[in-house]
Amino acid sequence: MAAIAVEGLERAFEGVHAVQGVDLEVGAGEIYGFLGPNGAGKTTTVRMLTTLLLPTGGRATVAGHDVVDEARQVRASIGVALQEAALDPLMTGRELIRLQATLHGLPAAEGRRRADRLLERVDLVDAADRRVGTYSGGMQRRLDLAAALVHEPRVLFLDEPTTGLDPVSRKTIWEEVRALNDAGTTVFLTTQYLEEADRLADNVGIIDRGRIVAEGTPAALKAGIGRPHVRLQLEEGSIAAAEEACARIGRLLPPVDGKTVLVEVERGAADIPRVVRALDEAGIEVGSLELVRPSLDDVFVAKTGHHLEKQGEAGGEDEGALAV
Amino acid sequence: MSALTTNARVVTALGARSIRQTFRRPQLIAPIVVFPTLLLAIQTGGAGSAVELPGFPPVQSFLQFMLAGAMMQSLMLAGNSGGIAMAIDIEMGFTDRLFAAPISRFSIVLGRLAGTAALGLFSALWFLAIGLAFGAEIAAGVPGALIAIVLVTVAALAIGGIAAAIALRTGTASVVQGMFPLVFVVLFLSSAFFPQELMIEPAKTIAEYNPFSFIVEGVREPIVAGVGASELLAATLAVTGIALLGLGLSARALRHRLRVG
Numbered sequence: 001m002a003a004i005a006v007e008g009l010e011r012a013f014e015g016v017h018a019v020q021g022v023d024l025e026v027g028a029g030e031i032y033g034f035l036g037p038n039g040a041g042k043t044t045t046v047r048m049l050t051t052l053l054l055p056t057g058g059r060a061t062v063a064g065h066d067v068v069d070e071a072r073q074v075r076a077s078i079g080v081a082l083q084e085a086a087l088d089p090l091m092t093g094r095e096l097i098r099l100q101a102t103l104h105g106l107p108a109a110e111g112r113r114r115a116d117r118l119l120e121r122v123d124l125v126d127a128a129d130r131r132v133g134t135y136s137g138g139m140q141r142r143l144d145l146a147a148a149l150v151h152e153p154r155v156l157f158l159d160e161p162t163t164g165l166d167p168v169s170r171k172t173i174w175e176e177v178r179a180l181n182d183a184g185t186t187v188f189l190t191t192q193y194l195e196e197a198d199r200l201a202d203n204v205g206i207i208d209r210g211r212i213v214a215e216g217t218p219a220a221l222k223a224g225i226g227r228p229h230v231r232l233q234l235e236e237g238s239i240a241a242a243e244e245a246c247a248r249i250g251r252l253l254p255p256v257d258g259k260t261v262l263v264e265v266e267r268g269a270a271d272i273p274r275v276v277r278a279l280d281e282a283g284i285e286v287g288s289l290e291l292v293r294p295s296l297d298d299v300f301v302a303k304t305g306h307h308l309e310k311q312g313e314a315g316g317e318d319e320g321a322l323a324v
Numbered sequence: 001m002s003a004l005t006t007n008a009r010v011v012t013a014l015g016a017r018s019i020r021q022t023f024r025r026p027q028l029i030a031p032i033v034v035f036p037t038l039l040l041a042i043q044t045g046g047a048g049s050a051v052e053l054p055g056f057p058p059v060q061s062f063l064q065f066m067l068a069g070a071m072m073q074s075l076m077l078a079g080n081s082g083g084i085a086m087a088i089d090i091e092m093g094f095t096d097r098l099f100a101a102p103i104s105r106f107s108i109v110l111g112r113l114a115g116t117a118a119l120g121l122f123s124a125l126w127f128l129a130i131g132l133a134f135g136a137e138i139a140a141g142v143p144g145a146l147i148a149i150v151l152v153t154v155a156a157l158a159i160g161g162i163a164a165a166i167a168l169r170t171g172t173a174s175v176v177q178g179m180f181p182l183v184f185v186v187l188f189l190s191s192a193f194f195p196q197e198l199m200i201e202p203a204k205t206i207a208e209y210n211p212f213s214f215i216v217e218g219v220r221e222p223i224v225a226g227v228g229a230s231e232l233l234a235a236t237l238a239v240t241g242i243a244l245l246g247l248g249l250s251a252r253a254l255r256h257r258l259r260v261g
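Chains A and B, in that order, give the protein sequences. Per the numbering used here, the first sequence starts with residue 1, numbered consecutively. Per the numbering used here, the second sequence starts with residue 1, numbered consecutively.
Okay, chain B solo, but in the shape it has when bound (with noise of 0.2 Å):
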């Protein structure tokens, strides 16, 4: 069997093993999708007139404008739930026994991502149908649907390569945790929850400039009017930009965590 190979499958296997760890593990899952979900449902059944106010971007409805934010949430907490179970596996010596495999240490990080955006994949798909089942429709159909579907996988993996350098650097599972908050700060000054074009300053131009602001957009204008081009290449701009960062900052962190022991 060749290296590659190899690696594949342990990537793979190590994948399946974060999948299986976060919906064994409540507090992992609970901000993957509970915490989300009732943030939906309370947001669209609380604040649901907003549409009406002058400025709002035309959409069918709130919740169809809330669903990108939802999986913005999500796929988020996905990210740094990957990373607080890194490090977990740091503390308690389970990443000794990966880093005394035969394997690129490199796909050690590149399982528990795979994992993450297998998590995101999940996340997308769930919010999509709560969506449908409650009457959100998706105003570019199915290849709107995917065009959302891949953002929010590869977003997921993107955030889960931050989380995991986080992690590798730091060995501690209650500093990840401590990051928690940070994501609702980069979440409310982005367009995930509110249009742009209604917040005030500075967090509007903030906003504006928040690569996750894109990311949103982007997973947004199929639901809510249709592809696109704009909206999509700078989605696809912005997750890249993030996963390369998050990659390059894993390898690094992963680097430092070897020498240091």
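Just chain A, with the same shape it has in the complex (with noise of 0.2 Å):
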């Protein structure tokens, strides 16, 4: 069964269509990227199906329950942590968790040693005793993902867990989300971060103008938009030579200047050596070369003719560059 399955979701706001027939199904133990830039839907499609907002149109289950008709099964069955984590300045983090698992129905004994657990969990064991106002962006993000866990979730939202955090922070927070996953919980997980849902996501879901435009595993999505291919620097006069080495190896790409060659290979890194060698026979001098895979901002660009906000920010986007 799914853990999440959506059919034709919806939600107007006065008259504005933030979310317009979402059609997803998240199977059980799977990570989920939801990509989409500021106000593609995505918090409002999140908000729905945690209950916190009803939607106008469509129906989705959670856990196996109605996000309507079932509201509160679904909020027993979820673990929630939303974006710019909603946290009390004045508690201190054991309070919170404290207060987390009372709200959960958790006995006061078991909430004490949960949260214990928790907080050493998140390495906040120091900072337990002291109010969340004194924390920073990571550790408040941390306490925040502590606390979704107090019930053990079958479920987990994170809307955007990462953004505005620090590399190290976001680091932190990936390696858990990998370990609850390894642990079994479903994760949907929103980010405008394409690092983040291409490191973590079994699957993606990309979201624009409150619709999905595509939807895939990472891999099959950017394979989906066409091969890695070489970019080659070269010095003005070996142009016309080098595309003729290139020729045989794999299709040529429209050129962007004077100075580059780009060939699509069909085995990716596999094929480095065959250009390698065909320029050298061919006697040409190479400026660089550099392997570039399709990215899901490539995958964004070709579905919805624009970029993702904030790109680069979570890290480079040619993980699978060579510089040579």
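Treat each hint with caution, since some may be false.
[Claimed, not checked] For the chain A half of the interface with chain B, some residues (derived, Cβ under 7 Å), not all of them:
| id | residue |
| --- | --- |
| 1 | Arg47 |
| 2 | Thr50 |
| 3 | Leu52 |
| 4 | Arg72 |
| 5 | Arg75 |
| 6 | Ala76 |
| 7 | Val80 |
| 8 | Leu82 |
| 9 | Ala86 |
| 10 | Asp88 |
| 11 | Leu99 |
| 12 | Thr102 |
| 13 | Gly105 |
Simulated from the structure, these hints should not be mistaken for lab results. Built from N, CA and C at the ideal position, the CB exists for glycine as well.
Build the complex from these two chains, which are given one at a time in their own frames, with help from the hints.
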């Protein structure tokens, strides 16, 4: 059974359609990356799936329960860490997790035990009795995540859990998400960071202007818009010879300037030695060579015609680049 | 654990959080304790001879007369502060954390009101202690003090319900904070700080029908004279009416907030 099943989900705000007929399915034990720019409808979708907002159309089930008719059962099955960690700065970390345990009906002793365990898990033991207002952004996100886990939910919703965090804190959250998923928790992760979706998600849904424009595994989505290509920087005058040599290896892509040759390679990095040998045999001197893989941003551009916001903040997109 | 037990624990936990929040945020505790205490000191010190005015009801001292007014001011500001705190929770998204839990959502409102009622109880004890420390007598003794404490506690909950309704409806702390002057208008147009008999029109007529006057008199009577059945009944009806109004408006505002998200 799907952990999350959504059919034609809609939400309008006074005539503005924030979400327009979203269909998606998330399998149990999967990490689903919900990718889109600001205002695309990610948070509105999450708020409907977490029963914080009533849909104006369509239906959705989470952990087998309808989000409208069985909202309380849905809330008992999910953990939620919303955008901009909704924490009370006047509470201590320990107080917050214990309150969360009470909200989920755990006995006081069990709540205390789980709070201690979770604070240790997210490395906040030393700060547990400090007010949350004194925490750094990364500490607040870790606390928010710990609070969302106190009742050991089957499905975890993380709404932009790393937005605004430094790379170290972001990596810590990623590791925690991966560990949770390894333990069997289904994770619905919204993000505007391409690298985050690429690294973590088993499947990705790309939403733009309230509609899903693409869905699939990151690899399939990228493969769907083209093969990797090799980018060669050359001296002027050797372009024609290089094109002739490379045309025997793969399809030439339209040139971007007078010093660059782009050649599509079927097998990615495995084809690089063939390119190098062909150029060497032709006596062509190469300034630089890099393998460029299609990124999720390329998928996004191909599907929507524009780039995601905050592109590259989470790290480079050319993780497959090989400079020589 | 039954749903009722879980929700009762949630109300208690949220009430405790509300009290901690008030004591940890100076701008919330100051109007409840500091301002009414200062006003009581200034009025008692500066206008103490008002008790000699012709028509002033017989009292032991002006401080004894003013205690009910100070409690009334404190409980109304406690209710208002509770509303402000709830609106701050909505603004910073904390309410979403509560709404995402598998509990009755009205228990979130009840938790806040439990905290406000506890602050009302604290206010009643604080001003009774001040009165006793500075020589005021409680005419009806311990039973009279208990009546005053219960009325002040429930009245705080009632006012808190109206403030919570405004917070839930608007979701904006500044709007709830904007009700602050209205608290004083309501107080000065009641018998909180001055006997109705000495007021001039139209304030006198307004105070006569102001439900808060009934509550004030219900609290004051056991302090200055003794338990009066008619004052107690009128105060009970007034506080019950305001509490029902507050709870009804909160429930309606909560439904609105859940609908609009």
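So, going through the hints one by one against the coordinates:
Checking arginine 47 (chain A) against chain B: minimum C-beta separation of about 6 Å stays under 7 Å; hint holds. A cut of 7 Å between beta carbons decides the hint on threonine 50 (chain A): the least distance to chain B is about 6 Å, and the hint holds. For leucine 52 (chain A), the interface hint holds, the least distance from its beta-carbon to any beta-carbon of chain B being 6 Å, beneath 7 Å. A least Cβ separation of about 5 Å between arginine 72 (chain A) and chain B falls short of the 7 Å threshold, and the interface hint therefore holds.
At a threshold of 7 Å, the smallest CB-CB gap from arginine 75 (chain A) to chain B is about 4 Å, leaving the interface hint in force. A distance limit of 7 Å between C-beta atoms decides the matter here; for alanine 76 (chain A) the minimum to chain B is near 4 Å, and the interface restraint holds. Given hint, valine 80 (chain A) at the interface with chain B, holds; its Cβ is 5 Å from that chain's nearest Cβ, closer than 7 Å. Look at leucine 82 (chain A): its Cβ gets to within about 6 Å of chain B, closer than 7 Å, so that hint holds up.
With 7 Å as the threshold, the beta carbon of alanine 86 (chain A) comes within range of chain B, its nearest partner Cβ sitting at about 3 Å, so the hint holds. Evaluation of the aspartate 88 (chain A) hint against chain B yields a held restraint, the C-beta minimum of about 5 Å falling below 7 Å. With 7 Å as the threshold, the beta carbon of leucine 99 (chain A) comes within range of chain B, its nearest partner Cβ sitting at about 6 Å, so the hint holds. Annotation: interface hint on threonine 102 (chain A) holds; nearest CB of chain B at approximately 4 Å, less than 7 Å.
Because the closest C-beta pair between glycine 105 (chain A) and chain B is about 4 Å apart, less than 7 Å, the hint holds.
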